[in-house]
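Novice: Following the hints, position chain B against chain A.
Same order as they appear, the protein sequences are chains A and B. Per our numbering: the first sequence = residues 1 to 113. Per our numbering: the second sequence = residues 1 to 112.
Hint data in this document are derived by calculation from the structure and do not stem from the laboratory. Ideal placement from N, C-alpha and C gives every residue a C-beta, glycine not left out. Honestly, I wouldn't trust all of these hints.
Below, computed lysine to aspartate or glutamate pairings styled on DMTMM-like, alpha-carbon distance capped at 20 Å [as the list claims (entries may be wrong)]:
#  : chain 1 : residue 1 : chain 2 : residue 2
1  : A       : Lys57     : B       : Asp99
2  : A       : Lys37     : B       : Asp38
3  : B       : Lys55     : B       : Glu79
4  : A       : Lys58     : B       : Asp99
5  : A       : Lys42     : A       : Asp84
6  : A       : Lys37     : B       : Asp99
7  : A       : Lys57     : A       : Glu79
8  : B       : Lys57     : A       : Glu2
9  : B       : Lys57     : B       : Glu79
10 : B       : Lys55     : B       : Glu30
11 : B       : Lys70     : B       : Glu56
12 : B       : Lys57     : B       : Glu22
13 : B       : Lys57     : B       : Glu69
14 : A       : Lys68     : A       : Glu39
15 : A       : Lys42     : B       : Asp38
16 : A       : Lys42     : A       : Glu83
17 : A       : Lys68     : B       : Asp99
18 : A       : Lys37     : A       : Glu79
19 : A       : Lys71     : A       : Glu2
20 : A       : Lys22     : A       : Asp59
21 : B       : Lys57     : B       : Glu30
22 : A       : Lys42     : B       : Glu22
23 : B       : Lys55     : B       : Asp28
24 : A       : Lys68     : A       : Glu83
25 : A       : Lys71     : A       : Asp27
26 : B       : Lys71     : B       : Asp38
27 : B       : Lys3      : A       : Glu39
Stretch-level coverage of chain A by chain B, calculated; a stretch enters the list once three of its residues show a Cβ under 8 Å from a Cβ in chain B [what the hints assert, rightly or not]:
#  : region
28 : 42-51
29 : 101-112
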Amino acid sequence: GENVEQHPSTLSVQEGDSAVIKCTYSDSASNYFPWYKQELGKRPQLIIDIRSNVGEKKDQRIAVTLNKTAKHFSLHITETQPEDSAVYFCAARGDTGFQKLVFGTGTRLLVSP
Amino acid sequence: DVKVTQSSRYLVKRTGEKVFLECVQDMDHENMFWYRQDPGLGLRLIYFSYDVKMKEKGDIPEGYSVSREKKERFSLILESASTNQTSMYLCASSFPPGDGYTFGSGTRLTVV
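Next up, chain A with everything else stripped away, as it sits in the complex (with noise of 0.2 Å):
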């Protein structure tokens, strides 16, 4: 089945800077990958996706790039705000029967003044 890994676990920046997170799945026949934002004691909430036949997804400050050859994409924050502090989770679903999302372990963002 499908196997999603994220790192870092831990990203500290100073507001203004920009943040990278990445992941890498392992099922070459996943064809979405969506981003979810929690904040803390809330529930997750999708932020951005992008699916396997797009390159790269922007939403303002943020986005998305995907490299299918290698298997990996990445969340891109720029000009950070300390409301961008948050746990950060990417998913993958595969080409399957069955639409699960697969969720990498989360980073958590902290944006400091």
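Specialist: Then chain B, alone, in the frame of chain A:
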């Protein structure tokens, strides 16, 4: 506008008790999921369901069972709670093919 509701935010149960965690969604989603969240381990899938009365095992089903008698409700059952089941439990739902999960707020279960 809460769309996935988990019945309890915090729950404390004794070892050996039978525990029911309830999840209700009002979005008419076919797919529903139960995940367990532990520090350093991320979200691990316990069970999921893609239709009423249908269920599939996830990655860590041991010690759990589920019930989906109605489309909007997906229950997680701990047959005999153990201390290693102390965790945060997250319910989620989606339309096929599974894009954009909507998560509930979670139930933090402590087994003593």
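Novice: Output the numbers, in ascending order, of every earlier hint that fails for this structure.
Specialist: Hints 14, 24 and 26 are the ones this structure does not satisfy, whereas the remaining hints hold.
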